Amino acid sequence: MEENKEKQTWIKRLFTDLRYKYKLVVMNESTMEERLNFRLSRLNVIIALVLISFFSIAFTIVVIWITPLKAYIPGYASVKEVKQVYINKMKVDSLEKEIEARDLYLKNFKETILMGKEPPQADSSILKKNKNIDYKNIKITNSEDDSMLRTEWEEKEKYDLIYYPDKQTQSGIGSFMFFSPVRGVITNGFNVRKKHYGVDVAGTKDEAVKATLDGMVILATWTYETGYIIAIQHHSNLVSVYKHNSVLLKKEGDYVKAGDPIAIIGNSGELSSGPHLHFELWYNANPVNPADFVVFE
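Counting from 9, one number per residue, gives the positions in the sequence shown under this note's numbering.
Hints are computed from structural coordinates only; laboratory data are not their basis.
Note that this is a predicted model, so its numbers are computed, not measured.
Incorrect hints may appear among the rest.
[To be verified] Just the calculated beta-carbon pair ranges, DEER-fashion:
1) 244 <-> 111: 44 to 50 Å
2) 18 <-> 52: 37 to 43 Å
3) 263 <-> 180: 44 to 50 Å
4) 101 <-> 66: 51 to 57 Å
5) 58 <-> 30: 37 to 43 Å
6) 200 <-> 91: 47 to 53 Å
[To be verified] Okay, derived cross-link-like pairs now, DSBU-like style, lysine-lysine, Cα gap no bigger than 30 Å in a straight line:
7) 31 <-> 115
8) 20 <-> 91
9) 31 <-> 91
10) 213 <-> 265
11) 91 <-> 258
12) 78 <-> 88
13) 115 <-> 20
14) 105 <-> 258
15) 115 <-> 105
16) 91 <-> 203
17) 105 <-> 88
18) 97 <-> 78
19) 115 <-> 91
20) 20 <-> 31
21) 105 <-> 259
22) 115 <-> 29
23) 88 <-> 115
24) 202 <-> 213
25) 78 <-> 91
26) 105 <-> 91
27) 99 <-> 115
28) 97 <-> 31
29) 29 <-> 78
For glycine and all other residues, C-beta sits at the position ideal for the given N, C-alpha and C.
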């Protein structure tokens, strides 16, 4: 009985303390003039805090419910949205891998051209896809279609160009119709054993060097051995390289059309002994003989 009485007394005392009134006064510090006053109890303060918390939570829930913010709640997004996010993630990953692969390819290709390293051997898949090209011996077997193309090209005027866009999508380097970068006599031919991965074409002074195909300039620089050099990336992993120029007319990132002037023939670089163009063709990162595809004379 005494314990129950003590417990009831303690509860009554707590309730009395909660209801005990306090006066909150707001005064002017300088004049001590009373501006505002409030009579509050602990219970009033607790009730006010509970109500404020309740309305804040309710307001937050309503805002999330009626606005797109609810899509950011884990597990709330619809199946369609989750699927689209997954597709976008896959696309981004694919683009990142594609960019990394292209950057690595361009880096290796530039090092092969500028540093004179041995070109990588073609893998079996490349050899199967391009049966007309024996990359191991670097010999080109001209097909009947290629021979007809060369005959037709020789009958055209000096700088006449016929472009067949539908043939660009065919497989094999023989599907391209090359524009002659310069007209002249080949003074030094293609020779892999001597690490001469192109042909030297003698030309006249200040003659314009033209792009052999449509493409984007991936390299435009100067080196001690080859002077001013420019390289163009074409379709189907085909790259054309032009060395020993006196002036470059295009910069990296420029898009050029077949026959567009890209440089001026010159004699720059330690390895040059007279005005000429050193012209190379690289197919799938392997050098091929430009004389088998381009008519220079």
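* Asked: Is the straight-line distance between the alpha-carbon of residue 20 and that of residue 31 30 Å or less?
  -> holds (22 Å)
* To do: Given the hint that residue 213 pairs with residue 265, test it: the Cα-Cα distance must not exceed 30 Å.
  => holds (23 Å)
* Asked: Is the hinted range of 37 to 43 Å satisfied by the C-beta distance from residue 18 to residue 52?
  -> 22 Å Cβ-Cβ, so the 37 to 43 Å window is violated.
* Status of the given 47 to 53 Å range, CB of residue 91 versus CB of residue 200 -> Holds: the Cβ-Cβ distance is about 52 Å, inside 47 to 53 Å.
* To do: Given the hint that residue 20 pairs with residue 91, test it: the Cα-Cα distance must not exceed 30 Å.
  => The hint is violated at about 61 Å.
* Does residue 29 lie within 30 Å of residue 115 when you go C-alpha to C-alpha? -> violated (81 Å)
* When you check the alpha-carbon spacing of residue 115 and residue 91, does it fall within 30 Å? -> violated (36 Å)
* Agreement of residue 202 and residue 213 with the hint, judged by alpha carbon distance not exceeding 30 Å -> OK: residue 202 and residue 213 at ~27 Å, within 30 Å.
* Keeping to a limit of 30 Å between CA atoms, is the pair of residue 29 and residue 78 held or broken? -> violated (44 Å)
* Is the gap between the beta carbons of residue 244 and residue 111 within 44 to 50 Å? -> violated (19 Å)
* Asked: Can the restraint linking residue 97 and residue 78 be considered satisfied, given a maximum Cα separation of 30 Å?
  -> holds (21 Å)
* Is the straight-line distance between the alpha-carbon of residue 105 and that of residue 88 30 Å or less? -> holds (26 Å)
Violation of the numbered hints given earlier is confined to hints 1, 2, 3, 4, 5, 7, 8, 9, 11, 13, 16, 19, 22, 23, 28, 29; the remaining hints are satisfied by the structure.
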